[in-house]
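Novice: Each chain, written out:
2 protein chains.
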Amino acid sequence: MTFEIKERDAAGRLCKFTTKHGVVTTPNLLPVINPNKMIITPKEMKKRLNIEILITNSYIIYKDVKLRKQALEQGVHKLIDFSGSIMTDSGTFQNYVYGDVNLDPLEIVRFQRDISSDIGTILDIFGTPSQTKEEAEQGVKETITRAKKSITEKGDMLLACTIQGSIYPDLRERCAQQLSALDADFFPIGGVVPLMENQRYSDVVRCILAAKQGLDPSKPVHLFGAGHPLIFSLAVALGCDFFDSSAYVKYANDGRMMFQWGTEKFDELTELPCCCPVCSKYTVSELKNLDIMERTLQLALHNLYVSFAEIKTIRTAVTGGWLWELVEQRASANPSLNDALRVLREPKHLHWLEHYEPTSKKSALFYTSPQTIHRPTIYRYHTRLFTRYEPMSKTTVVFPEGTKPYSMFYSREIINILKKKNVNFVADSHIGPIPFELDEMYPLAQSVFPEIIDQETRENAQQVVERFLKNKRVIRWDEHTTIEEEKPLKQNINLDVRRISAVADMQFGRGASKALLNGEITIIKSKRTGKIRNVICDGSHVISMRANDGLFTLKLDGGRRLHKGLKYPLLRVVATDDAEPFIKEGKSVFGKFVKDCDSDLRPFDECLIVNENDTLLAVGRMLLNRVEMLAFRHGMAVKTRESIK
Amino acid sequence: MTFEIKERDAAGRLCKFTTKHGVVTTPNLLPVINPNKMIITPKEMKKRLNIEILITNSYIIYKDVKLRKQALEQGVHKLIDFSGSIMTDSGTFQNYVYGDVNLDPLEIVRFQRDISSDIGTILDIFGTPSQTKEEAEQGVKETITRAKKSITEKGDMLLACTIQGSIYPDLRERCAQQLSALDADFFPIGGVVPLMENQRYSDVVRCILAAKQGLDPSKPVHLFGAGHPLIFSLAVALGCDFFDSSAYVKYANDGRMMFQWGTEKFDELTELPCCCPVCSKYTVSELKNLDIMERTLQLALHNLYVSFAEIKTIRTAVTGGWLWELVEQRASANPSLNDALRVLREPKHLHWLEHYEPTSKKSALFYTSPQTIHRPTIYRYHTRLFTRYEPMSKTTVVFPEGTKPYSMFYSREIINILKKKNVNFVADSHIGPIPFELDEMYPLAQSVFPEIIDQETRENAQQVVERFLKNKRVIRWDEHTTIEEEKPLKQNINLDVRRISAVADMQFGRGASKALLNGEITIIKSKRTGKIRNVICDGSHVISMRANDGLFTLKLDGGRRLHKGLKYPLLRVVATDDAEPFIKEGKSVFGKFVKDCDSDLRPFDECLIVNENDTLLAVGRMLLNRVEMLAFRHGMAVKTRESIK
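The listed protein sequences derive, respectively, from chains A and B.
Just so you know, the first sequence maps onto residues 0 to 644 in numbering that gives the first Met the number 0.
Just so you know, the second sequence maps onto residues 0 to 644 in numbering that gives the first Met the number 0.
None of these hints come from the bench; they were simulated from the model.
One should not assume that every hint holds.
[To be verified] Derived lysine to aspartate or glutamate pairs resembling EDC-like cross-links, with alpha carbons at most 16 Å apart:
| hint | chain 1 | residue 1 | chain 2 | residue 2 |
| --- | --- | --- | --- | --- |
| 1 | B | K563 | B | E483 |
| 2 | B | K5 | A | E43 |
| 3 | B | K361 | A | D266 |
| 4 | A | K524 | A | D495 |
| 5 | B | K361 | A | E263 |
| 6 | B | K361 | A | E43 |
| 7 | A | K361 | B | E43 |
| 8 | A | K15 | B | E43 |
| 9 | A | K5 | B | E270 |
| 10 | A | K361 | B | E267 |
| 11 | B | K280 | A | E43 |
| 12 | A | K361 | B | D613 |
| 13 | B | K15 | A | D495 |
| 14 | A | K280 | B | E267 |
Only a predicted model underlies this, so the values are computations on that prediction, with no experimental measurement involved.
Please work from the sequences and hints to get the whole structure.
Specialist: Next comes the structure, spelled out in structure tokens:
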């Protein structure tokens, strides 16, 4: 098995996952196939929806003498006539629904292996929401014991070890940690069906976050039994890679159609509010006139089309950098999902999410709801503002709230006055305080807010502004303001130098500007836009400012200066000695060659690549964060930009 | 032409519109057909998307000698090979884009008539957003002059008279009023394209609202040039019936794909986030490999599928009563659209919207955004609470904010205590104050809010609670509260009677309970749910409480009491004398037989049907509001429930 991150956004990822039967793109949805009752055959699904992977139930096959024999003789792929990847479930859910299924936990794992399942699943203990903590703990203990034993039987089958722990986050996290320490390949998050059924999405979110926080990040994660597209985007944003859907057929049997915003009863519709091939082929009355079997089939197909459209929309959002926007849009459709978003504001979770959040995106940050201001990107901006940004004067001039959080605040004339006075100046914006030096930096210039925002967002930003201004001499700007000239706290009085210094500190850490810009500075600007492009220090090109996100690309000479000026392990990715020759040739650094890494680095941050003796080898761009690069065996960890020959 | 309301929600409506070439359902979208360059033929659109109506440009036909000749000989339907309804545009937009088109305004109207257009359009003066008010006023004046002259030439063609007025609401409203006074059939709202192009959605909303507030409500309204599905739901909620789309092909030519959330560049997509027949047939790389003509065709088809899916979703929302929920979801995708929603909070607009808002819906009210609390339904609830509800005691006990705005606040035990004390008690909820008597009434019990709502919504509700409690003796409830027994302000100390009295006053107006329940009351409850069903007063069945919305259905005997107790014109719909025999037979009242109506009645309110001498004929349910029933010539105005034989 290989599992590689190709694109990422929020704590979500678009990966290539390889099984014996091919490559699967994640996030993905596994339609549930009942080998006894295939309303749509896997072949038909492949043809219509190009499915790459599905899930079927080994317990159902095992219990049926004929199916069992056939599966053992021909393998499960022949049995259901599908040549792609097949995951099998173990009977845990049947045990939960129908009571004791009387199954030997090891026997069912061996059976899955013997019928050549690509991914088999252990017979774990389903933890229910109503369990006491003691009961849940007992279940987790037994699940881990079974996982340990099952692993010895897995052969060359990938083994899914399910995380349980009922609604107790500490149990979930511990279960995830202990399963991660084993040789497991795939991690379903189990026991969420009863939560989903009662729309307890806040609890589902807590279960996912606890599991993810305990898990090896290099393994695929499957949210077991969550088949409604409504929840997909949020689950992906929290790091889930797979979903399964029996819902497509259950809902169809029940005459219900799934939509991205929820579910509608077919009988109550006078029109089909959808453009999938089913809804484009039939009118509602034509569908009503079909015989019940055929209609159910068509409803099931519709449900699959809608579910996969949502999966594809999510992948597009991950690639395009607008996954949070999508999540918030989806949450607006459902008050319980709205509540679930609030869980992400809790400090522990926000802190965790920030580690996975890319530092730069292809898309602007769009305001979507009162949740927007609580996104990890903005949390990071606030954090770095308090820990990395140094104002240039004792006095701070504050410009009133404007409609947009960037340069429009500052007229050329005002800037010139303030420049002469050597004072610090800051806009009071929807995102919080924006010192003028940072106003072209992601996500500030790249934000799109409404002109009038909700009060919660406003007050939130206001609190950050007040915290920022605390212990400062503050002047609130109006046209009659007079400002006295000050002696600057820092030497850089040139506005452009102030800008590059401040951005460098925000991006690379406090002290970076001193290390990077210690010398004679020349700034080269774009002729067309007048914006800063290249920064030359003592004749060597140290950094370039990117037009799209106002952040720096680090050049080798800049890397040398930062390496000299910032102490180990700051900004470093440490490559193993055997990788050194390849890196010097300009090759990128793969996960398995990473020995260590600065824990303050984030995905898409610029970094220094050093060897085990902290000798600088290259500069590059992080594709993974520290915990990921220490975990992932496959795929790139750092993209080398320039190496020392 | 006929135009009849079949379903309604917000100020939006689902209508049947009849032209010479058939019945068209609204809201609908008219694909723009360029007779010179049909990337998709009308026939193909009919086959694939079942389109009922389209729009083509008479100016383009007129300018081309060959097309002109053919159109005059065969008619426009043959010319473009489409047997459904055809609207023609006049060249106004070409005049705006390319400057003076040198066209005689009457000649082009006659031409449209002569080629048998179903709906022709006058050559109006396109008002641009940059115009001064004087310029805009001049344009409006000339537009009206041309409309007057054009009407004399229309023959049996329906004539669309476009509302202009740039960004000046008073001009737009006046233009709409003056055009309404003429014999025009169809009202495009013109001049919005430059606003749409700059995402000035707040201005678009102001234009629509001003036009609608000035217009004859019985005529179809077309938002000219708004072809992006993003805006459709909001425009429908404000009363627009038609859209046209040249965008489907313009965007396709430009390599852009429309989605319900916005637009994506095809070249930047690695996947097609959609399940329309095009996106289900092709992968992104297959589409990339098509030749440019074929690819553009497929993108155009996709754009049409997505646009019509949105139209069908909107119709489903109108029928299902969740149009506001849809509008708020769509607005979450775009900060400018978010700003546009805020325009609806302005008192003038909220007041207007409330007149069209149904009093009962098939769906619960779902919290979707901070805009939810500003919906017309909640505005109405607050208004009626202050003008119609009478508390039963001087003291009001307030229960703290709970998670849900209904009965869960009150345990049986507490209710019994408060009952004995004869005090009024109220819950402090997300929606504002909820007196216990009203807690099963729409939209209170039928609301779904998140457990934790945004601060803006909270404070808004809080303000209403405070206003409600002003000048009252208030006790905030906790478990240690002791309450002294009071002498009730009203006689009804029985809780059930308190409930039916309060709901009757809220629903029918202050004083209704006195008129309706003046006598010996018997209450019949549902055996299964224990809820109030039928109310008998002095032996006659006066009202029934509906299970779905907690509001009353008025029985004939109840109608008799209200007719006696409430003075003319309260609760009355006055039918013309010639309708009287039909109403007595139980037939419903059509718009053209309504002479007058109580202006406080709203769609789906219960009402009294009287003759011109205020003799009671029947009780019924309003389908239209007052201004609508005085305007609509076709379709039902009041559904008669029981009539006096």
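Novice: Indicate, hint by hint, whether the structure satisfies it.
Specialist: Status of each hint after checking the structure:
1. B:K563 x B:E483: Between B:K563 and B:E483 the Cα gap is close to 38 Å, so the pair fails against 16 Å, i.e. violated.
2. B:K5 x A:E43: violated (40 Å)
3. B:K361 x A:D266: Between B:K361 and A:D266 the Cα gap is close to 14 Å, so the pair holds against 16 Å.
4. A:K524 x A:D495: holds (10 Å)
5. B:K361 x A:E263: holds (13 Å)
6. B:K361 x A:E43: violated (37 Å)
7. A:K361 x B:E43: violated (37 Å)
8. A:K15 x B:E43: violated (40 Å)
9. A:K5 x B:E270: holds (14 Å)
10. A:K361 x B:E267: holds (11 Å)
11. B:K280 x A:E43: Judged against 16 Å, a Cα distance of about 14 Å means the pair holds.
12. A:K361 x B:D613: violated (68 Å)
13. B:K15 x A:D495: violated (64 Å)
14. A:K280 x B:E267: violated (29 Å)
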